[in-house]
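**Student:** Protein sequences appear in the order of chains A and B.
Position one of the first sequence corresponds to residue 1328 (this note's numbering), numbered consecutively onward.
Position one of the second sequence corresponds to residue 665 (this note's numbering), numbered consecutively onward.
One or more of the hints may lead you astray.
[Said to hold, decoys possible] Computed far set for chain A versus chain B, every beta-carbon distance over 10 Å:
id, residue
1, ARG1338
2, SER1371
3, ALA1383
4, ALA1409
5, LEU1424
6, PRO1437
7, LEU1454
8, TYR1469
9, ALA1513
10, LYS1548
11, MET1551
12, ALA1558
13, ARG1580
[To be verified] Only some residues are given here: those of chain B computed to face chain A with a beta carbon under 10 Å:
id, residue
14, GLU779
15, GLU787
16, GLY796
These are calculated hints, taken from the structure and not from any lab test.
All values derive from a computational prediction rather than experimental measurement.
All C-beta atoms, glycine included, are put in the ideal place defined by N, C-alpha and C.
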Amino acid sequence: MGADSNPTLLRIEGLFKQFDQNVVLDGASLNVPRGSLVTVLGRSGAGKSVLLKCLADVVRPDAGSIHFDGKLLSIGDASARADFRRRCSFLFQSNALFDSLTALENVALPLEQTTDLSDKEIRERSLEALRQIELEAHQDRYPSQLSGGMQKRLALARAIVTRPELVLFDEPTAGLDPLRRNAVFAMIAKYQRQFGFTALVVTHDLTEALIASDRVALLDKGRMCFEGTPAEFSASTVAMVEDFRDSAEALGRTLAAIRRGEALQSEDS
Amino acid sequence: MLRAIGRYSLSIVHELGDFALFTGQSFRSALGARRLGRRIVRAGFEQGVRCLPVILIVGMFTGLVLGLQGYYVLNRFGSESLLGTLVSLSLIRELGPALAALMLVGQAGSALAAELGIQRNTEQIAALETMGVSSHAYLITPRLLAALVVYPMQTALFVTVGLWGGSLSGSLLLGLEPGVYWSSVEHAVKAQDVRECIIKAVTFGLLTISLCAYHGFNAHRCSSATGARAVSASTTRAVVQSSIIVLAADYIITSFLV
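Isolated chain A, as found in the complex (with noise of 0.2 Å):
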């Protein structure tokens, strides 16, 4: 099923955010259809986590408007608050595992503080999400004894296993090396298709984001400066979206540039 024929999960419209005198979301406006993996693009700084954290209400917008399967979120309706946050997860670029728990009282808890779920159905459930993402052996073992790529696996079980419609990924290869960039966009690829969910993930791992993704939108300076399909992305000619997308060619014009200087210098010498 294409991402387009599907009515938007989410929509956000004129977001604003500023910290002191710093614009960090200017009015960034996305469209999230339902059942998709859609990708927000943008260099470090660009505010592409304060969107998520606004999201998910972690950080209080300061205006613009986010509609969760056609209801406004309003910040003095707690209940539609709370059913979005029911509905939804996120997954911090820091994991935010908890450290004094195990791997399955990680994964239980939002059973456990959320649900209604006998201790059997949650412990059931938690191996299951456990068993699903090849982490199962490692139930007993603290967040410290796992390595990287475990970590985000059981923070991505821990996300999951309430079966949200929405997860969030702020940042999800950030510090990683090229395999394990591909592992962790394939990973998430794999569990949105496998459990239906809807992804947003903010990065700015390029290649893999036009791979793996539906959909992929640019933000720059606050403001979504493109949106539309990988393949729309590659033929765009809106400035911003080429210097982005021909970041690696530009790298090497400079760097040509500076070893002709190079040369030039030693002819001097």
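We have chain A; now place chain B onto it with these hints.
**Tutor:** Relative to the frame of chain A, chain B by itself:
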């Protein structure tokens, strides 16, 4: 100068109001909290069992010192037989609740502030909120409710061990008849004294645990530092302010109850 004093005064009032709201919200969160009982038991274990050795040791030495000092003072007036009265009333009405609270601040309060500060720094608290879990109900409420039980129990233990310490000093080391000592204790202690002791223990528990939790929970708002230093600064503030508030509250309660 006046402006600086005014600004400082306003910031104190603001912080007091914020602290009161924080404590109120933590109690209010108990209404919707799930599986609260287990977390209260765990918090009780952290505050109670782990602090037991320090309570017993300090209680024993306090009693020993009170016994020694009291005996030499009373001996001047030929009133050694009142040693039990002196030790028991000092411990039950004053030293027991205050010193036990200070020990609990040093052990459980500082650990709580540091733990919450680190959880704030590593986005664990934010993660709870994004899951739709009330961070107050999950992290603070069980600790506060546990403190209401643990502090009086720890104080009772402190006083009991202290009384034995006083008896050891008076009877074993200085030759006072044990029967005289314990009879004096029995005659001196009234229900009003025990009531005052319990009121103080509950109040100190509530104030210190909520103050330590408040500083740890809000470590990210520390204006003087960030990251690990903010955790360190908030823990220090929690311990210093809790220690001061124990003594200040002790004075206020005593002046009302005496």
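**Student:** Now look at each hint and say whether the structure bears it out.
**Tutor:** Do the hints match the structure? See the list:
Once the 10 Å rule is applied to beta carbons, A:ARG1338 is consistent with being away from chain B; the minimum gap is 20 Å. Every Cβ of chain B is farther than 10 Å from the Cβ of A:SER1371; the closest lies at roughly 18 Å, confirming the non-interface assignment. For A:ALA1383, the requirement that its beta carbon stay farther than 10 Å from each beta carbon of chain B is not met, with the minimum near 5 Å. Not every C-beta of chain B lies more than 10 Å from that of A:ALA1409, the closest at about 6 Å, which undercuts listing it as non-interface.
With a closest Cβ-Cβ approach of about 8 Å to chain B, A:LEU1424 is found to fall inside the 10 Å limit, against its non-interface label. Under the 10 Å C-beta cut-off, the non-interface status given to A:PRO1437 relative to chain B is violated; the minimum distance is some 4 Å. Even its closest Cβ contact with chain B, about 19 Å, leaves A:LEU1454 beyond 10 Å, as expected for a residue assigned away from the interface. No beta-carbon of chain B comes within 10 Å of the beta-carbon of A:TYR1469; the shortest separation is about 13 Å.
Every CB of chain B is more than 10 Å from the CB of A:ALA1513 (nearest about 24 Å), matching its label as outside the interface. With a cut of 10 Å on Cβ distances, A:LYS1548 stays outside the contact zone with chain B, its closest approach being about 25 Å. For A:MET1551, the requirement that its beta carbon stay farther than 10 Å from each beta carbon of chain B is met, with the minimum near 23 Å. At roughly 33 Å from the closest C-beta of chain B, the C-beta of A:ALA1558 stays outside 10 Å, upholding its exclusion from the interface.
Every CB of chain B is more than 10 Å from the CB of A:ARG1580 (nearest about 39 Å), matching its label as outside the interface. A distance limit of 10 Å between C-beta atoms decides the matter here; for B:GLU779 the minimum to chain A is near 8 Å, and the interface restraint holds. A least Cβ separation of about 4 Å between B:GLU787 and chain A falls short of the 10 Å threshold, and the interface hint therefore holds. Given the 10 Å rule on beta carbons, the hint for B:GLY796 holds: about 4 Å separates it from the nearest Cβ of chain A.
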